Amino acid sequence: MTTTKPQALLRLLQLTSPALPVGAYSYSEGLETLVEQGVIATSNDMLHWLTQELTYGLVVLDGAAVGLVHSAAAQASLGAQPEFSVAEAIAQLNHQLSALRDSEETRQQSWDMGRALVRMGTHLHPDLKPWFSAAGSPCNFAVAFALVAARWDIDASSAVLGYLHSWAANLVTSAVKLIPLGQTVGQEMLLELYPVLEAAGDRAIATQALDQLSLSSWGTSLATMQHEVLYTRLFRS
Amino acid sequence: MVQSLARSSEANPGWQGLARLSYAMESGRCVPAQTYTRAPLRVQRPLYPEGEGLCHTVLVHTAGGLVGGDSLVVELAAAPRAQALVTTAAASKVYGSADTDSSSQQVDITLAPESCLEWFPQETIVFNQAHYSQALRVDLAPGAIWAGWEITRFGRSARGETFEQGHWRSRLEVWQADQPLWLDRQHLTGSSAALHSPNGLAGHPVVGSFAVLGHQFERDSVAALRQLWPTDQPGDIGVTRLQSGLLCRYRGPSSQAARRWFVAAWQHLRPLYLGRSAAVSRLWPR
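If you read the sequences in order, they're chains A and B.
Each residue of the first sequence is one higher than the one before, counting from 1 in the working numbering.
Each residue of the second sequence is one higher than the one before, counting from 1001 in the working numbering.
Read the hints as simulated data drawn from the structure, not as lab findings.
Please read all numbers here as calculations on a predicted model, not as lab measurements.
Treat each hint with caution, since some may be false.
As the list claims (entries may be wrong) - If the Cβ cut is set under 8 Å, some of the chain A residues that face chain B in the computed set are: (1) 57; (2) 104; (3) 179; (4) 216.
From the three backbone atoms N, C-alpha and C, an ideal C-beta is built for every residue, glycine too.
Using the sequences and the hints, build the whole thing.
As structure tokens, then:
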């Protein structure tokens, strides 16, 4: 599939680890609402929900954006300043990701996680600073993720798959807490999801522009809006 | 029956309807300074139920609905400080067609500084086997406001029809200074999982969105609009803030419940974004 070098693989594991200090564990993306409402009550419900999100939900757009930002950055030399056209393309993708988020909490989630990764990335690699500046502030998490992945020599397909996997693993962990489910059931769910993740990764990489994609996500969008007024909240989205 | 309504593109290229209106202020009165229409679209005489400063326009589709091959284009513009409300005379129907013969509607709205345009069409009923795409693009100059709603019913659900075949696509985009404020790109394919899964329609036939862009709302407004939803009504709602704007969404069985809530939300918000109260159009069903 890919020719990931051992050290690039290790950096991918670092970038997609739950230990990455961006606070991913504190967001449920509407899942907390759906569990509270009884819409998601079993591991099958959860698997169905994740599968549908990976088919026509917002994460599809984020995955495609990771691929697009990565390829824009990887063609240039990340040690140098981005050329104007490249900077412009990355800024446009970042604007679109903000405008495509139709609930305040999911937009804030992406911006907060993005800010944390930009801070970390700038500290580790000062040469990334002009690239983060090109993306603009607030910077969405998927954009920051793609820039760090390119800087760490992680190839585009691996970066996209890694992004999707960490998204899914984080929500499975949330589901295990919320529904609740056994830890082993959570691991089974992830294994069952891999063909779906692979297909979603292929689609993301094949996407030439974000406006080729459209969603069918009224339900998830309502759940994230309703989360703002959920009575007891463990999560921030 | 649906088949008989389908028209092949060789037989008839379909209606290419057009309505082009541009509003401007003339000594304190907002007038449609330029009006051009091509069948089957028509506009009624401008109405002023809310005083001279705000012009109401009713768009009429004289052919009753869209069949395969039809396309409608609506172009609306407002000069500085012009204020207009555009609605439609009746629900818009999209009939079934062959998949090679889709119909479309495109609405382009260009708003100059400090102008306001409200786009409040009646519901769209997408029949089973319809192949339809709609696009709405708004370009806001600084200080301009756009408010609008879209209510869509998939299948004539009152008679038990569901969206078993066909394809629907909607793009709603609001831009300001070459940057997108809100992009809403949705699609639905007949019999797809999205019709029944909780991520999508969860088995409901109606979705609706009401948004106001170009104004920064306080959190209190979001809470107030949630309170305006009568809890005895069927369906799910959500309210949230957009980047300089606000969004209400509905999903459920009833376009009437969606419209009534959107009207109530509009009446609540309009004094905030336009500094004037809202008069309900007599055309809208109660």
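Taking the hints in turn, this is what the structure says about them:
1. 57: Holds, about 6 Å.
2. 104: Constraint on residue 104(A) satisfied, holds at 5 Å.
3. 179: Cβ of residue 179(A) sits 14 Å from chain B, so the hint is violated.
4. 216: With a minimum Cβ separation of about 4 Å from chain B (threshold 8 Å), the hint on residue 216(A) holds.
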